[in-house]
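Could you build all of it, start to finish, from the sequences and the hints given here?
Protein chains in written order, with our numbering: chain U, 1 to 738; chain E, 1001 to 1452; chain W, 2001 to 2081.
Everything labelled a hint here was simulated from the structure, so no lab data went into it. Errors might be hidden in some of the hints.
[Claimed, not checked] Calculated lysine-lysine pairs in the DSS-like style (CA-CA distance at most 30 Å, straight line):
no., chain 1, residue 1, chain 2, residue 2
1, E, K1003, U, K709
2, W, K2063, E, K1324
3, E, K1083, W, K2063
4, E, K1424, E, K1029
[Stated by the list, open to error] Here are a few chain W residues that sit away from chain E, every Cβ distance over 12 Å (derived from the structure):
no., residue
5, H2017
6, A2018
7, S2023
8, P2028
9, G2040
10, E2045
11, D2055
12, A2056
13, E2079
From the three backbone atoms N, C-alpha and C, an ideal C-beta is built for every residue, glycine too.
Chain by chain, the residues:
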Amino acid sequence: MHRIPQLLLLKIRQLWPLLLDSTLNSYGQLFFSQNRVLSVMVMAASFTNWEVGRWGLPAIWLTHALAWIAGFDKSLIRGGMLGLNSLLVVFGLALLFQVNVPFLLLLVAACMFTLVIGIALHYGLSHWGIPILSLPFVLGIWMMEVASRQFALLEWSTGSIYTLNELYKWGGSSLVQAYEVFLGLQLPSLIEGYLRSLAAILFQNNWFAGLFIALGLLVASRILFSLSVMGFLLGYGSQWMLGMDLATLNYGALGFNYVLTTLALGGYFFIPNAHSYGLAMAVIPLVMTLNAGFSEFAKVFQVPIYSLPFALATGFMMYVIKFSNRTDVLAPVLLQLRSPEENLYAYQNQKQRFKGFVWQQIHLPFYGTWRVSQGHNGGITHREHWQYAWDFDQTDAEGRTFEYPGTHREDYYCYNLPVLAPTNGVVVAVQDHIPENEIGKVNLVQNWGNTVIIQHTEGLYSKLSHLKGGTVCVKVGDVVQTGQRLGVVGNSGRSPEPHLHFQLQTTPYIGAATLRYPIAAYLTHTAEGIALRQYCYPEEGEQISAVQSHASLAAAFAFVPGQTVSFQREDKDGEVTHWQVETDAWNKTCFHEVATGARAYFVNDGTVFYFTHYEGDRKSDLFAFYMGCHKVLLAFYRGVSVFDELPLHQIWQSPRRWISDFWSPFYVAGKATFAAINEASEEVSQDISICSSVELFIRSDRKQQYAFKTEIVQGHITAFSGQFGTINLTLRRIFPAL
Amino acid sequence: MSKLRYERPIIRMLNSTITQKFGSSPGFKPFTHIDGMSVKELIADYGSPLFVVSERTLRQTYKAAYRAFSTRYPKVQFAWSYKTNYLGAVCQIFHQEGSWAEVVSRFEFEKALRNGVAGNKIIFNGPEKTEDDLRTAVQYGALIHIDHFDELNMLSMVAVELGVKPKVAIRVNMDTGVYPIWDRFGFNYESGQAMEAIQKIMTDGFLELVGLHCHIGTFMLSADAYRIATEKLSKLALHIAEHFGHSLSYLDLGGGFATKNTLRGAYLNGADAAPSFHDYAEAITDVLLNAGFQAGQLPTLILETGRALVDDAGYLLGSVIANKRLSDGRRATILDFGVNILFTAFWYEHTISTAQACGQYGEDAVLYGPLCMNIDVIREHIKLPPLNRGDQVVVHRVGAYNMTQWMQFITLRPNVVLLDMDGKPHLMRAAETLDDLVLNESIPEHLMELVH
Amino acid sequence: MIINPNVVVREGGFVFHAERGDSFSVNPVGAEILRLLRQGQTVAEVVQELENRYDADVATIEKDVTDFFDVLRHYQILEAS
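Following this line, the structure appears as structure tokens:
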């Protein structure tokens, strides 16, 4: 008998996070945020009109329970989309009718109807990439309102008298007086209009509900707050200019359409920037038109239009924008983080880190250091169709490509040197019989000379030309590995002196046009030293070489899904922390810190190990590791550093940043940079230390500096330490007993 | 009427020798400048005889060698063989270019340290390493290449005593198709001795095996021997990886590349006989890349090339002391340098040029040094234009071994000059004086005074 | 100083010793000396002639000529006198 309550308790404990999230998000998502503070403020705001607000939680829970039982996607429940619409329907109905049993039945029916409509629209519209927003609510409330005229047992509400009664019950006459005072306060009409617009979303007709919401918005996101103000002012302004009735705005009845549209387009569905703000502004007239037009239509059925203009305007714009190709300036948000600011900083970070990223890793087709004698759009032969190609040769200290006298092919340094496959693939074309030219002569008939073409993937081929006849050691159909020898450099084709021609193309034909495609990783050698370049295009005159990975480093960062990485803290009574390596449904690998639930996603492409995304507690050990090993070069070149940037919001958390969020869509003053360098005491050592640092710059002033050190011994990470803020962390690796 | 240029009258018998069949003898082009610096001026400033080393040539040769290998294999490291030429400036040039140091004795080890080479970039070869030598090497973290079991045991003891696990390699000798097999150095491959040594190292656990070393010979005229050596070393390395799960950091193929010097008694001219760096590189890297090493586990290729890197850069300038006519009619020219400072004259027929125009008419001659020893013959047969007392000659390709194997015998060792990248001379090693000679002498008391 | 009658001196500095079957080549100065000898000049006269013609001092020329004669005698071009 005791088992049932125990089981129930267990079940509740399991479901508690989902319960909490889904309830709060139903409130917060109204304002496009899952911020807890905002959600609570919105919920509080809804209770300022007790008669209406008290139906919120039951509506949400009923809808979610139904959705749960029906087995719909839990993420929809958690996201609050379903609860939000039921919430609004129920508020609307509560405003209209008195509470009696028929009313309760109506509520249940409303919840079910809204849920069904919501699910249907969500999956139906997702084909076109249109969000359902509060469309289920509009349809639901319309249906209920119109249908309810047939339900004679429902009685009309008598307004806000009950509110006063309730207040009196709680706090006596003093509370009632306070309430009256508040209500009576005269605010400047714009501010009152704005606050009332916000409140009206929740069917509250007082301005301090709006105040709760506004404060909640400010805390959750400065961008959302400023957009809400902007939206309201523009809407007000447009209506005023056209002479529309401002009273509706003053009572907030329609102002919220402008606010919600601005929030949606300016800061939620797109990365906030000047263009998204501009889009939001430009849509105001559309909303205004829809406001006015539908109001007229709706008069026919005698129902208010609620937030239909917002839902329609936003939905249409989302659909239509997909056909424009201005994603360079108007970027849709692919993964919603906790606020538009976080979306913005994360987006800027991704753009900075991964500009030029491509999926196929192309490497340099030779050993050693070579010179780029002709680059993309080179003046001599790399033009028009063949502009995206490279010529490579070898030079000596004086910059000459040959040994005196340079009259024979063998005098040229790069002659006879091996040519390698740039990455895995299949050989699709080989030409090996073309005779070599004397120095200074060219063969314009078979102008590519001896050539090998390899297919790497659908639509991606690489071509290596001017090879030496008789040295090509692969044939058509051979499968080649990265670095496998294909032949040697010769002087065939349009080649007056020995050199290697390399290009990427989309078709398997000798003579095909070139494709602009970057080299995944390579080193440039200058007087200042060696530097790493990733997904870049070697430039004419540069001395470049391939990156050779270091066996110990590569092994240390080769994490396998299913593996558990454990560390023991040196302080704090030897606490042990475990990270599990997991892959998700999209084949992304991450560390999952079991104790805190934090996840750090990473990529290891063989040359570089780097983190791509972090979610969860920023006080965790995993976050320290995410910072310290943000990007690691899996090769050892003394003195070579790698650089990177971290998303600003992860590193800069201070009141100053909070304020700068207001103008962050236009100007971001801060930058969180990362630098790491590999060090080893001995050249033949398998032991490497990675010394890294994260620095926060605010307008070129360095405000913070964190330092980290990762020790690698014989192919395993053995220790990780970091100093950041006031924290001094040292972790020692524990290996599972065999 | 102005007088004609005078030349000593010469008559030469025309025999049908093999060299004659290859066409007319080359003209005797005088060699007057090295790197733009006048030979006459150098002798005037620094005396005669004079060793001259060209920094430009050193760097060019190193870069060419490095290029030949690094464009064929991803991980290449050269270690400069100190015994070939341990003059500080020469070593520094190689170290600046990125080379490690390869030493075969305690004093060479200390010299490398003095040159500023980090202990972990010194390879310590050689059969003679005393206990103290090993202790020092271990403390500096040098890479010790073990030659025999006695050394292995002594090193293990030292390692335990110091509580350090030194990084070591073993020297392996094998049959590479070349005669003679140098089986006096290292552990033999074919008899299984090498595997025994490896077994001992891996099971004892006192030493960390990081590489394998072999040095198959000297002046190898066939790149094929290296191919076989690399194959055998690779097999050993892969065997170790499979058996012990231990991957080696490097394979050291030693030195032994030939230079363009012509060996005594050789049929072909040195310049035609010697394989190029590219030939050696092709042979070695081809084997390494196809040996079966796992991707990402390719061992670093270490080369201890000595002779081939430095020979071309060295010149010996000398002067003619006298001419003689031998009883068999041959002309003999006596030069001011002998086998005491040109030790390699025992092995090579160096190219010798005149430092000034001496006419086009060559005469068969024998070249002697200044020592009053019968073995002091620089060259038994050479065709040179008539030289007079005081004329200067330039001996080519003397960079290797001469400046380390020269004797302090009868004549004092001369100046050694380095010509930098701009051709400016710098005195690398000053000529010895009598004081240097007697510096370490101490005469016992009872011999202090001459008895009258 | 008499040159062996079996010796033939030709253009271009070639010398052929018919009796022994040997061929030789001489440099211009040497050829000059042989020519003078053929003309019947004495050593002193040869030296004097050379001194007039060539840019060298008498001592050097005398030494070289003496040495040259030694060689010629060795090859039996000059008759031992």
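Verification of the hints:
1. Taking the CA atoms of E:K1003 and U:K709, the gap is near 84 Å; set against the 30 Å cutoff, the hint is violated.
2. Using a Cα cut-off of 30 Å, the hinted pair W:K2063 and E:K1324 holds, with the two alpha carbons roughly 12 Å apart.
3. For a cut-off of 30 Å, the pair hint linking E:K1083 to W:K2063 is broken: about 46 Å separates their Cα positions.
4. With a C-alpha separation of about 24 Å, the suggested pairing of E:K1424 with E:K1029 holds against the 30 Å cut-off.
5. Its beta-carbon lying about 9 Å from the closest one in chain E, W:H2017 breaks the requirement of being farther than 12 Å from that chain.
6. Look at W:A2018: its CB is around 14 Å from the nearest CB on chain E, clear of 12 Å, so calling it non-interface holds up.
7. Chain E draws W:S2023 into its interface by the beta-carbon criterion, the shortest separation being 4 Å against a cut-off of 12 Å.
8. For W:P2028, the condition that its CB be more than 12 Å from all CB atoms of chain E is violated, with the nearest at approximately 7 Å.
9. Consistency note on W:G2040: stated as away from chain E, and its beta-carbon is indeed over 12 Å from all of that chain's, at 18 Å minimum.
10. With a least beta-carbon separation of about 15 Å from chain E, W:E2045 lies farther than 12 Å from that chain, consistent with its non-interface assignment.
11. Its closest Cβ contact with chain E, about 4 Å, brings W:D2055 to no more than 12 Å, contrary to its assignment away from the interface.
12. Chain E draws W:A2056 into its interface by the beta-carbon criterion, the shortest separation being 4 Å against a cut-off of 12 Å.
13. Every beta carbon of chain E lies more than 12 Å from that of W:E2079, the smallest distance being close to 15 Å; the non-interface claim holds.
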